[in-house]
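Peer 1: Dock chain A with the ligand against chain F, hints included.
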Amino acid sequence: MLVVTTTRPLDLLDVDALHSEEELAIRAVVRRVVDDHVRPNVADWYERGQVPVRDLAKEFASVGLLGMHLTGYGCAGAGAVAYGLACLELEAGDSGVRSLVSVQGSLAMFAIWKYGSDDHKDRWLPGMAAGDLIGCFGLTEPDHGSDPGSMKTRARRDGDDWVLDGTKMWITNAPLADVAVIWARTEAGVNGFVVPMGTPGVTAREVKHKLSLRASCTGEIVLDGVRLPADALLPDAKGLKAPLSCLTEARYGIVWGALGAARDSLHTALDYAGAREQFGRPIAGFQLTQAKFADAAVELQKGYLLALHLGRRADAGVLKPEQVSVGKLNNVREALAIARQCRTILGANGISAEYPVMRHAANLETVLTYEGTSEIHQLVIGQKLTGLAAFG
Amino acid sequence: MKIVVLVKQVPDSGADRNLRSDDNTVDRASASNVINEMDEYAIEEALRLQEAHGGEVVILTVGPDRATESIRKALSMGPDSAVHVVDDALHGSCAVATSKVLAAAIAQQGADLVICGAESTDGRVQVLPHMIAERLGIAALTGARKLTVDGTSLTIERQTDEGYEVVTASTPALVSVWDTINDPRYPSFKGIMAAKKKPLQTLSLGDLGIAAGEVGFDGATSTVVEHSKRPPRQAGNKIDAGDDGGSKLVEYLASEKFV
Ligand SMILES: Cc1cc2nc3c(=O)[nH]c(=O)nc-3n(C[C@H](O)[C@H](O)[C@H](O)COP(=O)(O)OP(=O)(O)OC[C@H]3O[C@@H](n4cnc5c(N)ncnc54)[C@H](O)[C@@H]3O)c2cc1C
Numbered sequence: 001m002l003v004v005t006t007t008r009p010l011d012l013l014d015v016d017a018l019h020s021e022e023e024l025a026i027r028a029v030v031r032r033v034v035d036d037h038v039r040p041n042v043a044d045w046y047e048r049g050q051v052p053v054r055d056l057a058k059e060f061a062s063v064g065l066l067g068m069h070l071t072g073y074g075c076a077g078a079g080a081v082a083y084g085l086a087c088l089e090l091e092a093g094d095s096g097v098r099s100l101v102s103v104q105g106s107l108a109m110f111a112i113w114k115y116g117s118d119d120h121k122d123r124w125l126p127g128m129a130a131g132d133l134i135g136c137f138g139l140t141e142p143d144h145g146s147d148p149g150s151m152k153t154r155a156r157r158d159g160d161d162w163v164l165d166g167t168k169m170w171i172t173n174a175p176l177a178d179v180a181v182i183w184a185r186t187e188a189g190v191n192g193f194v195v196p197m198g199t200p201g202v203t204a205r206e207v208k209h210k211l212s213l214r215a216s217c218t219g220e221i222v223l224d225g226v227r228l229p230a231d232a233l234l235p236d237a238k239g240l241k242a243p244l245s246c247l248t249e250a251r252y253g254i255v256w257g258a259l260g261a262a263r264d265s266l267h268t269a270l271d272y273a274g275a276r277e278q279f280g281r282p283i284a285g286f287q288l289t290q291a292k293f294a295d296a297a298v299e300l301q302k303g304y305l306l307a308l309h310l311g312r313r314a315d316a317g318v319l320k321p322e323q324v325s326v327g328k329l330n331n332v333r334e335a336l337a338i339a340r341q342c343r344t345i346l347g348a349n350g351i352s353a354e355y356p357v358m359r360h361a362a363n364l365e366t367v368l369t370y371e372g373t374s375e376i377h378q379l380v381i382g383q384k385l386t387g388l389a390a391f392g
Numbered sequence: 001m002k003i004v005v006l007v008k009q010v011p012d013s014g015a016d017r018n019l020r021s022d023d024n025t026v027d028r029a030s031a032s033n034v035i036n037e038m039d040e041y042a043i044e045e046a047l048r049l050q051e052a053h054g055g056e057v058v059i060l061t062v063g064p065d066r067a068t069e070s071i072r073k074a075l076s077m078g079p080d081s082a083v084h085v086v087d088d089a090l091h092g093s094c095a096v097a098t099s100k101v102l103a104a105a106i107a108q109q110g111a112d113l114v115i116c117g118a119e120s121t122d123g124r125v126q127v128l129p130h131m132i133a134e135r136l137g138i139a140a141l142t143g144a145r146k147l148t149v150d151g152t153s154l155t156i157e158r159q160t161d162e163g164y165e166v167v168t169a170s171t172p173a174l175v176s177v178w179d180t181i182n183d184p185r186y187p188s189f190k191g192i193m194a195a196k197k198k199p200l201q202t203l204s205l206g207d208l209g210i211a212a213g214e215v216g217f218d219g220a221t222s223t224v225v226e227h228s229k230r231p232p233r234q235a236g237n238k239i240d241a242g243d244d245g246g247s248k249l250v251e252y253l254a255s256e257k258f259v
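Chains as they are written, first to last, in my numbering: chain F, 1 to 392; chain A, 1 to 259.
Pulled out of the complex, with its shape left as it was, chain F reads as follows:
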């Protein structure tokens, strides 16, 4: 009998040796949660375009996944690298499932945690950490995506109250959220508002017919004369840099997350190629297939080392936004290339929902676009290198 010893792509460089025991323990828990609660069901959720967000949120909250890198208010207070590893494992399940955790923790909770009043934090964060309350983050509009500074949503004062009008588009979890952090233009510039989704004048509609990120709920929020008390304003969020700082948090998670989708694609393709025979032998034995695997494994590990470098800088409190742009640009781009390449190795089975690879590839198209498109990250890096802004 042929005895084959194989090494998993991420074990080639023994990257586990770069982690603390605590980081590995946290990763092990997330891997188990994903194995138990995501993997068995996600193909079905994807096909139906429906995902039990509230059940998943409760399950994730039970281990401390929601807002895990924040402190206080029931949050776990884990480090940035541990958070990254959690994103990787979640996205090895599905990018949409990772998005749920990113939006809840890094966008909605982080905005309230960083810029909210004590009342905001007490009112919302414990319930959000516990998975009882779902949050969303409304920055993008139908006509303003990459250029949120030109947003049309307005907040005007009426006595002490605020009145919001406008439309937010492509908002993850909007149709089922309990609360939205809405970014709107005021006389002072861009401000953030904590908007309970039950407020009169707020309506949310689900975006249907998605061909990517189908195991995630996406929606449109219409704000029609939404009257909010004075204290709905996030007091410490001044200007566009506030929502952009939230995006930096979430993008950091994506730098890791995308690697998860790539790793799962690569593992699937390796297992498949070892078992699938053509021309009388396993297709894994063909040189062309091995070149694909070698290139994919090399990119996966380079991306991992990049993510870890950013994570260690984040834990040291010195991570810069443009560094996150480097990570997001590279890791999502390479993850997509890996998923597509792995898809070819599965042949016809590669297009089947029986295997996760095509799902990952399709998901990564969204991941390439949201949280700053690749082009926008190129412009961020280009501006750093040249001193010239090429956005407008």
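Incorrect hints may have been included.
Claimed, not checked - Per label pair, the in silico range of CB-to-CB distance:
no.: 1; chain 1: F; residue 1: Ala-275; chain 2: A; residue 2: Ser-170; range: 55 to 61 Å
no.: 2; chain 1: F; residue 1: Ala-348; chain 2: A; residue 2: Ser-247; range: 42 to 48 Å
no.: 3; chain 1: A; residue 1: Glu-56; chain 2: F; residue 2: Ala-275; range: 49 to 55 Å
no.: 4; chain 1: A; residue 1: Val-224; chain 2: F; residue 2: Leu-24; range: 31 to 37 Å
no.: 5; chain 1: F; residue 1: Asp-132; chain 2: A; residue 2: Glu-56; range: 26 to 32 Å
no.: 6; chain 1: F; residue 1: Ala-348; chain 2: A; residue 2: Gln-201; range: 40 to 46 Å
Quick caveat, the hints were computed from the structure, so don't treat them as lab data. Backbone N, C-alpha and C fix where the C-beta goes; we use that ideal spot for every residue, glycine too.
Peer 2: Chain A with the ligand in isolation, oriented as in the chain F frame:
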């Protein structure tokens, strides 16, 4: 109520497991080691009792240095502290000797209740719970699929092949559990971070008043003399779908206790 939970580190039953060629003991050094699966159910049951009735949960492990990994994992589920008996002289201990060490450590802790898994996936002897209870002179409620505690009185449903038996006793007592008893929680991130700081006491045989010669190869009541790999699987039995095919199939399933 003070609950001591027995936790053993074992080679992962899902991975390749071997006996050592030099002394026929379980190869723990090269294995990927995990908490004995059934013990996670014991921990969960102890934590549920603590949540309902208060008290303290202590993990007790006998094993080599590297068993601390499993102890930290056990602590990350929520127990308060752990005791680790580690001593080079323990290598090669049989079940009888191991029960002596565990019983001494439990006696030193002064437990109201001892909870453990019904078996370990490496030894699979299923006798340790009984031996420990015997040594301590406390009731042994073994093979539980359900445990209820009312003050000092304990009731279990003991799982049997046909159904279950109801067995009662009062504390102090030992309960061994099957994996039907509960659904163990995942360690939480907070639990993982807190586990590092929880008290972990290390004891030697001397601390328990046990002489080296009473355990290990010297004190063993049984020794593995030789071992060989299980032969490869034989072809299965084929039952033809003839007239009595159905009843033959049922007979076979019943003989293997599948039905
Ligand atoms: C599934 C999904 C979930 C999402 N969830 C959220 C959410 O929860 N909250 C939220 O606020 N948003 C969310 N988004 C929106 C997302 O952030 C935006 O789609 C993204 O910012 C891009 O905006 P756009 O789609 O309007 O594209 P556009 O900005 O119109 O860009 C179209 C193309 O033009 C390019 N482009 C634009 N400007 C330039 C330039 N100056 N130079 C060169 N190229 C340029 C872009 O790179 C892109 O290739 C989500 C999107 C998706 C698909």
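Peer 1: All the hints need checking, so say for each whether the structure fits it.
Peer 2: Hint check results:
One distance hint, 55 to 61 Å for the beta-carbon pair Ala-275/F and Ser-170/A, holds here, with the actual separation near 57 Å. Roughly 44 Å separates the CB atoms of Ala-348/F and Ser-247/A, a value that falls within the hinted 42 to 48 Å. Remark: the range hint 49 to 55 Å for Glu-56/A to Ala-275/F is upheld by a beta-carbon distance near 51 Å. One distance hint, 31 to 37 Å for the beta-carbon pair Val-224/A and Leu-24/F, holds here, with the actual separation near 33 Å.
Take Asp-132/F and Glu-56/A: their Cβ atoms lie about 30 Å apart, and the range 26 to 32 Å holds. About 60 Å separates the C-beta atoms of Ala-348/F and Gln-201/A, a value inconsistent with the hinted range of 40 to 46 Å.
Going through the hint list in order, the structure does not satisfy hint 6, though it satisfies all others.
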